[in-house]
Amino acid sequence: MKKLFTRLTVITVLLFGLCSFAVGQRTITGVITDAETNEGLIGANVIIKDSGTGTITDLDGSFTLEVPEGTETLVISYTGYIDQEIVLGADNTVNVALAPGALLDEVVVIGYGTQTKKEVTGAVTSISAKDFNVRNITSPAQFLQGKVAGLTISKANGDPNGQIGIRLRGLSTIGAQTEPLYIIDGVLGASISSIDPADIETMDVLKDGSAAAIYGSRGSSGVILITTKKGERGTAKVNYNGFISTENIARSPQIASREEFLSAGGIDAGGDTDWYDAISQTGFAQSHNLSLSGGTEATRYRASFNYRENQGVVKNTGFDQLNGSISINQRALDDKLNVSLNYTNTTRKSDFGFSEAFRYATVANPTSNIFNDDGTYNEPGGFDNFNPVAMVEQNINDGERTESILNASVSYNILPALKITGNFAQQNTERIFGEYYPRNSLYRGGIARQGVAFRSNENDKNDLYEGLLQYTGEAGKIEYVLFGGVSTQSFNFLGHGLTAGGFLNDLNTYNQIGTAAELLQGLAVYGTNASGYQGSYNRGYDIQAQFARATINVDDTYFFMASVRREGSDLLGPDNTYGVFPAASAGVDISKLANISGVDNLKVRLGYGQTGNLPGIIFLPYSIFGQGPQFFYNGEFVPSYGPINNANPNLKWERKSEINFGVDFVVMNGDLDGTLDIFSRNTDDLILPGQVPVPPNFAPLTWGNIAAFTTTGVELALNYKAIKGENFSWSPSLIFTSYRSKLDTYIDDRPREFRTNLGAPGQNITDAGVGLHLIEEGEVLGQITAPVFEGVSDDGAFIFADQNDDGEINADDWIVVGNGLPDFELSLNNDFTIGRWDLNLFFRGAFGHSLVNTYRAFYETTPDIIAANFIQTDKATAGVKTASYNSTHVEDASFVKLDNASLGYTFDKLGAFTNARVYIAGQNLLVFTGYTGVDPEPILSDPGSVDNGGRQSTFALSDPLAPGVDRRNNYFSTRTITFGVNLGF
Amino acid sequence: MKNIFKFSMVALLSVLWLPSCSDLEPEFSDVIPASEYFVNEDAFISALGSAYTNLYAICNHGQLFSLQEVSSDEACVPHRGPDWEDGGQWLRTHRHEFFDGEGVFNNVWNWAFGGISACNRLIATFEENANDQSDAFIAELKALRAYYYLVLLDVFGNVPLITTFDVPEDFKPATVSRSEIYSFVESELLENVPLLSTAVDQSTYARMNYYVGQAMLVQLYLNAEVYNGSAEYAKAVAACDEIINGGGYSLESNYFTNFAVNNSGSKENIFVIPYDAVNAGGFNLVQMTLHYESQRTFNTVDQPWNGYCSLADFYNSFEENDHRITGNGRGYGVLLHGPQFASDGTRLVDGADSWYEDTDGREVNFNPELNELAPGAHRDGGARLSKYEYEVGTQNTMNNDYALYRYGEILLNKAEAMWRMNSGSMEALDLVNMIRTRAGVDPFTELTEENFLAERGRELCFEAKRRTDLIRFGRWNDAWWEKNESEAFKTLMPIPADQLVLNPNLQQNDGY
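For the protein sequence lines, the chains are Y and D, in the order given.
First residue of the first sequence: 1, per the numbering used here; consecutive thereafter.
First residue of the second sequence: 1, per the numbering used here; consecutive thereafter.
Treat the hints as calculated values from the structure; they're not laboratory data.
Careful, some of the hints might be misleading.
Pairs of lysine-lysine, DSS-like flavour, derived with a Cα cap of 30 angstroms [as the list claims (entries may be wrong)]:
{"hint": "1", "chain 1": "Y", "residue 1": "Lys49", "chain 2": "Y", "residue 2": "Lys909"}
{"hint": "2", "chain 1": "Y", "residue 1": "Lys461", "chain 2": "Y", "residue 2": "Lys349"}
{"hint": "3", "chain 1": "D", "residue 1": "Lys172", "chain 2": "Y", "residue 2": "Lys652"}
{"hint": "4", "chain 1": "Y", "residue 1": "Lys130", "chain 2": "Y", "residue 2": "Lys229"}
{"hint": "5", "chain 1": "D", "residue 1": "Lys490", "chain 2": "D", "residue 2": "Lys235"}
{"hint": "6", "chain 1": "Y", "residue 1": "Lys881", "chain 2": "D", "residue 2": "Lys483"}
If you only want the chain D side, here are some residues facing chain Y, beta carbon under 7 angstroms, derived [as the list claims (entries may be wrong)]:
{"hint": "7", "residue": "Ser29"}
{"hint": "8", "residue": "Pro33"}
{"hint": "9", "residue": "Tyr37"}
Computed footprint of chain D on chain Y; a stretch qualifies when at least three of its residues, placed anywhere within it, have a C-beta under 8 angstroms from a C-beta of chain D [unchecked claim]:
{"hint": "10", "region": "534-544"}
{"hint": "11", "region": "631-638"}
{"hint": "12", "region": "692-705"}
{"hint": "13", "region": "758-766"}
{"hint": "14", "region": "790-802"}
{"hint": "15", "region": "878-887"}
As the structure is a computational prediction, the values presented were derived from the model and not from experiment.
Note that the Cβ used here is the ideal one computed from N, Cα and C, for glycine as well.
With the hints as extra help, turn the sequences into a complete structure.
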């Protein structure tokens, strides 16, 4: 608490120190609002007429502008609204309500440039800060949840350090990169965690192949372009946004209470422990964002300072994050030369903790005690069984990540219409991890090895060089932009790690690993063995590209775009290094050709484009010798070396071809607008590991281009201004997404394959030739299989349906019982304004998907003597003594959530502040679902099972062919309440 | 002037384009490409090693050891409540109800052919890059390859025969009959074993030497009737004699010396896998068989998995004072049974705080009379496989070297071959009685099929021999405990379903 107080004090001092900036002779203040909704307009231009100087409005539409004496007129403009000129009188307050104008004049970032919305011929969605999901988020991607048709975001429930899964238009690849390409202020492949969410101005999502093809090999999973906030000309401005929030577990597995446990025949160990309560805490988060920005005609700048702290709902989890960023833009030489420098740096210290604690808290006997009488942790032992409180309190699992992006861009207009640009960017990510299991910890060998320490460092770096040339021309009614460029990007990854045990005491944790007795005894050797990971790595790859694009606008009616990118990478076979990715699209504004009554605007678009994908592993085309276990030679162990892979010199690009048809419309005098997109795409030459015979191969798996699938889908976005009163307005918007992927061909001669293990104890089903998923040629992706429940035998075992009546239950009797991917997703956003109050209610749902409730599959049994706790739901089968996965454990997980609700109040004037707003927001407030597990959200890929204190393999990729497995290590879902303020000077 | 400036501006920006002209050659900064591997003498030795280290997988759960033991009458993996159901595969394996999709078949197939592939590759490499040692290495690799084929001959019978490394990319070799595999193994051994070192010391420890080659011939000839349809007992005796007369091997006075944590000095072990917790992992028996709570008995680093145990009939086949069951001073014999204690002497209790409990009580007692195989086997039921000494403080992978061929077995093999040629052979009886005498039990007065098979079981248990012995004695398909009589064709395991899909030229064994 003292720490928190100190931080707040520092921030407050900074805040007031900086606000003494603004001094002027005459200061005009005011608020620019939307005439229909009365909402403040962020970033509206307020310019002194004929002077070119001015400012932009803040988060709530407020502005402060110092004007020279004698200034007569201000020009207020905002993209998508009709400009207004205001003649200044004696009053220093100017409040202006702008009427919405041409929505289609909004600027959309399309990659290496911008277009107005009306010109766009691909499927592109632009979301600006005012539409973001404002709440306590851990990654900027969460801003977009439910806001972009076709974009699915699976968040890691309540885990503050969890990974966010993002899928655009479903699965576009299996073995390669499944996440979209992020481009931050033009920097390709940037890490989305390197910037602070508060610094984001807009996010543009390139959804279809025709839009994404300009990014070639990395556009297949979609492209998300992030534009950060920049300084605007005008007076220096200071803004502060902050919030605090609290978090609690919203849903957890339905386990028996102490009383239920005892009445079911459970053994009374004499204690009374709520294990969920014992491992958890009330989460707390705070965020403070301070920015200053401004500019003159020639120079613009913005700097920001962001602090975030997040303590998760599990004890000893959370992070502390500090971000600073600065951007400067200078024009010179009659505005011909333009130089931009951006630098951002983020440092996050994380306590990752142990999410396995949920699993062990679930089965812990509710009648046993956390501690023994002597104060030590009560460790009852048993396979796959640990005291979850000891797990989270005794052990350390933390790390620190520092990410920076340095970006310099110089452009020069050789001719007024011809611009040459050079870009350089370097991204650098350093990660440090540390784990320590003390001498009294049963978990992960602490007791057995007298303390175990792990330490590793990782450094990812990439350098990007780009040269661009752009010509803008006009010929009669034709406007066109020709553009070309070259790009080189080198990636490098290096790191090292050491694990060792045997410490005299626990004082130094992982900080003095050299004193480990195991090092002295020669017990820590290369590779991953019983002692843990030892090793180092340093490898990388390069990408080179040449690209060109032409965009043509004929009389604001017909729009064309064509692009091509040729790209090469050493990740591919020497004969297949380069690939060519073409695209073309066209649009026509029908409302310009024919006057349709009631229709303000109607545009149809058609696009085709190819994108690619690269393998996620380096050196696949080359035969590599690696060290294996030691070989006993002449009385001593020497290293053995052999091929570690089956080289595939023919490895080539994975290729995606996509056709997109779209309609954009505005009707009812601008009150209703919408976008409909229908797409179909083929992914060919999928990069996957396929089974091969041994010999001729060294290993049973080879990575190759071995499958193809087709995805079709439809996306609809509607925005409606339902009520537009002076004091009351309601604007609902609806987003609908539906897609299906079908496997056209799979690995040669292998039309059918089970995959996905359930795990220990007792359900290592893949060893028996079955799995949770069935991959079949000609069938949809995501099929979940199971033996079908028929009854329970006298001795308490499940009886399964014998599908083929052959008298045996085996792989032939496992049938498809669900699909891990939803049929469709729907979200409904509602913005209300009531006077100065604003209310947002955001509902989101997914329908038709199933989840394998692994908690139930393992822990639903009630044996003769009940000693471990069990899951109790109305879906349980009575009288079962032995756990055996079957169709009853696959549940429909359709849901509707009140994902976000916020209520805000904007002050007309509050002391010295030119704008001030306070709000309270709740997240994940209501869930309507029949699913009995933790969270009905679709789970897009599966990291596999981790049992008995084992570790997730860092090398295994999360399997996208295995959606819908709700693993026991998944974080519980949480509910968050946030209180925040926005202030501006 | 203005033009000069414009020119220099363009020139400056063009510099930024230049890096785009670099090549796209990968940089092998932390790996060794195959083309740059064989640069010194050490590289050849390390390369040879990769054909041997493949053997380390034998004793992993789900590999050859599991298949040979669980399908026999000396071990099973019961279904202990919620644990070890694992899709039912181990029940099916024990009851001979397996089908071709069981993971264990694919594991053993990939393991054996992985070894063969490594041998073929190295033979080709050493032929290409000849040096002083290459001829010796090649003979050794051919013998090792014969070992992998011997396992395939025993388990699957009819498999493809691949002897070269340089095969076309779409190579789909056809199945070759069991008898052809037999002939190949025989001719390879006869040709190469004489070239192997006859030294019995560190230089050949855990490697192919002349006597390991003879031991393979013993296995081949003793089972010739099963493998090839015609008995070769005289040849088996001759191969045994090569070892007995020339190898300098002898019976250890204490049976358990051969299975101790530090057993590399055993005068009896002929060919071993040199398991080592740090250098050569893979011997997981401690995890596979011991009870979760046994962690407190042996202070194991990881919690054991409480799986494998033995059958009551096997336990009961031992006489009370048989050293092999009493442990001969070691504290426990080949079967860990009865009440269990923690290392501090306190009684082991399953779930010290009652998180788990069986109907026979919480105290851990390895009762050799297991209540049932499935689904409600007691968590502490069944005697545990403890032939190999458990080191106090052991890692999950053990330090004991695992004997694949042992002098004691050679004596029994010689006895059996002689007995099969002449059931009244006194020499055969004497050889068996050498084994019995060491075990501290009375000598047999005669050899019968019944007592011979039982004696082999007691002596060779958990050495992955039992399945082969049962088949040779014609008892494999019999009913026992919770196993019904099985069809005769099940003496050969099915060709794995995955392999049939990958290679349409493979032929499934009869009956499957």
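Okay, the hints, checked on the actual structure:
no.: 1; hint: Lys49/Y - Lys909/Y; result: holds (26 angstroms)
no.: 2; hint: Lys461/Y - Lys349/Y; result: holds (20 angstroms)
no.: 3; hint: Lys172/D - Lys652/Y; result: holds (24 angstroms)
no.: 4; hint: Lys130/Y - Lys229/Y; result: holds (13 angstroms)
no.: 5; hint: Lys490/D - Lys235/D; result: holds (28 angstroms)
no.: 6; hint: Lys881/Y - Lys483/D; result: holds (22 angstroms)
no.: 7; hint: Ser29; result: holds (5 angstroms)
no.: 8; hint: Pro33; result: holds (6 angstroms)
no.: 9; hint: Tyr37; result: holds (5 angstroms)
no.: 10; hint: 534-544; result: holds (count 8)
no.: 11; hint: 631-638; result: holds (count 7)
no.: 12; hint: 692-705; result: holds (count 9)
no.: 13; hint: 758-766; result: holds (count 7)
no.: 14; hint: 790-802; result: holds (count 3)
no.: 15; hint: 878-887; result: holds (count 4)
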